[in-house]
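Trainee: The lines below spell out each chain.
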Amino acid sequence: MMGFSQFGFDSLAALLAFMQFKPAAASSIADDVDQLYLFLSGITVFFAVLIFSIIFYFMLKYRRKSPDQSGTATHTPMALELTWTIIPSLICVVLFVWASSLYVRNGRPPDASTEIFVIGKQWMWHLQHPEGPREINELHVPVGVPVKLTMTSQDVIHDFYIPAFRVKKDVLPGRYSSIWFQPTETGTFHLFCAQYCGTNHSEMIGWVYVMSPTDYAAWLAGGEKTESMAQQGAQLFSQFGCESCHSSESGVHGPSLVGIYGKPQRAPNGETHVVDETSIRHSILAPSSVRQANYQSIMPTYQGQIDEEQMLQLIAYVKSLGSEERVNGK
Amino acid sequence: MSTAIAELHETPAESGVNYLNATYGIRSWLVTLDHKRIGLLYLGSITLMFFVGGMAAVLMRLHLTEPQGALFEPETYNKMFSTHGIIMVFFFLVPSIPATLGNFLIPLMIGARDVAFPRLNLMSWYIFITGAALALYATLSGGVDTGWTFYPPYSSLFSHTHVVAVALGVFIAGFSSILTGLNFIVTIHKMRCPGMTWFRLPLFIWAMYATSLIFVLGTPVIAITLFLLGMERILHVGIFDPAVGGDPLLFQHLFWFYSHPAVYIMILPGMGVVSELITAFSRKKIFGYAFVAFSSLSIAIISFIVWGHHMFVTGQSIYAGLVFSVLSFLVAIPSAVKVFNWTATLYKGSISYEAPMLYALGFIGLFTIGGLTGLFLAALATDVHLNGTYFIVAHFHYVMVGGAVMAYMGGLHFWWPKITGRLYPDIWARIAAAIIFIGFNLTFFPQFMLGYLGMPRRYAMYPSEFQVLNVMSSAGASILGIGYVIPLIYLIWSMRYGQPAGPNPWGAKGLEWTTQSPPLTENFEEIPIVTEDAYNYASEAARV
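Chains as they are written, first to last, in our numbering: chain W, 13 to 342; chain E, 433 to 976.
For reference, chain W alone in the conformation it holds in the complex (with noise of 0.2 Å):
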């Protein structure tokens, strides 16, 4: 893109990895958003050089060569001032239309992603898969294939990082952020927490395993044996009474929840959302602000009483009753 021919991207890139200056590149957007950067670079090598050529050429010709010699009036012509403000422009115009589409499709996960869902909390990263296996600072993903995470905190901000994956997110308590990437090649690669969070957030670090397809199924079936993420769910929903109203035949006193992830909903005051994580859960811990329009404010909140695993575990429930319904009805 832009100017680099692929050839050329590759040898300087390998150059660069080669006298350590540069991360491995090992997903899918990686080598792209390196283009870019090395573009970045580019443009800084070449004004600095122009800028500092000019400067030390102006300070060895008209170096003061008498006590009391003066400058030389010289007049600005607005043409040059146009032009050192013209072209600066128009290289932000093309780093910034390059930048955000790539930052605009970097962000829009593939809809077949496997979704993992992680929780940051002071100083580790919990990981489960929707498979059932739960992973402490440790992320097992197969190669090739999207990967989306869910992501949520428990206590302060963290930052969800693999550099090697040239993508980051804060995880944020009370919301759920979403990263994707698609590993390109197997091996280990760091995992940091990026955002600031406490007095050990330089050890809230670990290793994202990437692994040949064969080899991550292995590994799934190899733990502990686990139910899934939304079987456990939909024990909680149970435990919590949830299905006394939510079941999918009753429909009295709540609504129905199969196949409500992902469609618009209407609340009293007339807005519409899409529900999604961070809506499902809210509607859990404070019901009353996002309740339904056609039925009554009668749910409990569940503040203090869910983790934020279980919650996770709830919504991947709600999540798979959205998918049941699609399969049987269409």
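Among the hints, erroneous ones may be present.
For each label pair, taking beta carbons as the anchor points, the in silico distance ranges come out as [to be verified]:
1) E/858 <-> W/73: 19 to 29 Å
2) W/219 <-> E/755: 28 to 38 Å
3) E/870 <-> W/72: 12 to 22 Å
4) W/81 <-> E/965: 17 to 27 Å
5) E/722 <-> W/62: 23 to 33 Å
6) W/68 <-> E/503: 34 to 44 Å
7) E/663 <-> W/68: 48 to 58 Å
8) E/755 <-> W/23: 34 to 44 Å
9) W/237 <-> E/877: 48 to 58 Å
10) E/755 <-> W/301: 27 to 37 Å
For the record, the hints were derived by calculation from the structure and aren't laboratory data.
The beta-carbon is built from N, C-alpha and C at its ideal position, and this holds for glycine as well.
Once you have looked at the hints, place chain E on chain W.
Mentor: Below, chain E alone, put in the same frame as chain W:
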């Protein structure tokens, strides 16, 4: 430093009475209404703060020579970088050029006898040292570990350190900024001498004017934000805590609404100083006066609408990200225009290389790199990778140390003969400038590489593959530390033993060079009348 200044009255100035020896004793300094003396009170205070903050930096860099950390527990390291940031930003960089050189020079440069509100000016200093003393005490008696950014809910609910006391110190010092800004704006509007029209003002005054606007408009926001943080911490009011309906990102929006413009509070005065130095040492009118002047104002205005670029990875909406990205690119343009105009000012000049000029040229070089690396962070896709890493640390140190502190040092050396009436040894000053330049680049250039490689900032320990670059950076920091101590020594020395400077040792233009050194308490025997543009060098040899 303040004791050394107080001793000055024992040295008879060569031209008899001046502002330093007009009255005697500590009390005469503590109740002074003279803008020049107040400038020196600030100089003493912020010099102390600079070396406290600098000491924290040196200890941090020593700690980071080993991957597991060489000196401290992580808890202590966290307090070190928090102290370094808070002291350097709020108690050194923000007041640095405005409160010292600005206070000293604005009335002299516009041909006035003092600022508009001298009593308010003294009050600003007392407010400042009250806030500084509180922050310093809280820092030394246990410290704070939130970073200078105070992000909740860590700062509001989780940190067990002196968050409220330090925030109160910053809150109090903020009023000093507001009052100083107000004073400068009124002074520049109302106190210019006959003939000193807006477009004859030295560019330093334009820069001070733009800075003052930010002081007055921006500082109340950080005051409110820190007040809310204190309320949240003490009373759990639930403004930033999501568990009770608050929004932690609201704090970040409010914080950066002040703290991004605050970056320009730090760099705009530096740009003003550099415009004075480049013209004086190339004996030439500034190239594109109006472009340099208006770029200061446009930077001040645009700086208020770019804060969201600190929050690209927080989960703010994509559309907000796009708008803040394009605005951040926009603020790069007036900065570039300034660099081009300074460079063009050298063309056909008569350039000499005394220490202040070395600092000015160093400023242009380092600020250029600081500005260009800002493009990496305005660009959304690369910011995602670089945000929160050492790349950010390197970038803003190139702007704030390579830019603002270089300009401050240059300005201090340039006007030192005016302030004290004495010359410092120029050879030592040139050596120190070179040491600072080398030490600075060795400290911070490796940090760009560390950031791209993915090392997060604020880490008390780090994976061992980052060690080589960290050791390089630490080596640079020790050189940089030495570079800053040398001027402290020879400048204090020069106050007693330096050669008398005379009114205009550089052959510079500007009203401050037309009066004696050190100036009279009332600045001028007679109020000057201005008949020519600023930097009118080409017309005659100006050396006295």
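Trainee: Checking each numbered hint in turn, tell me which of them this model violates, lowest number first.
Mentor: none
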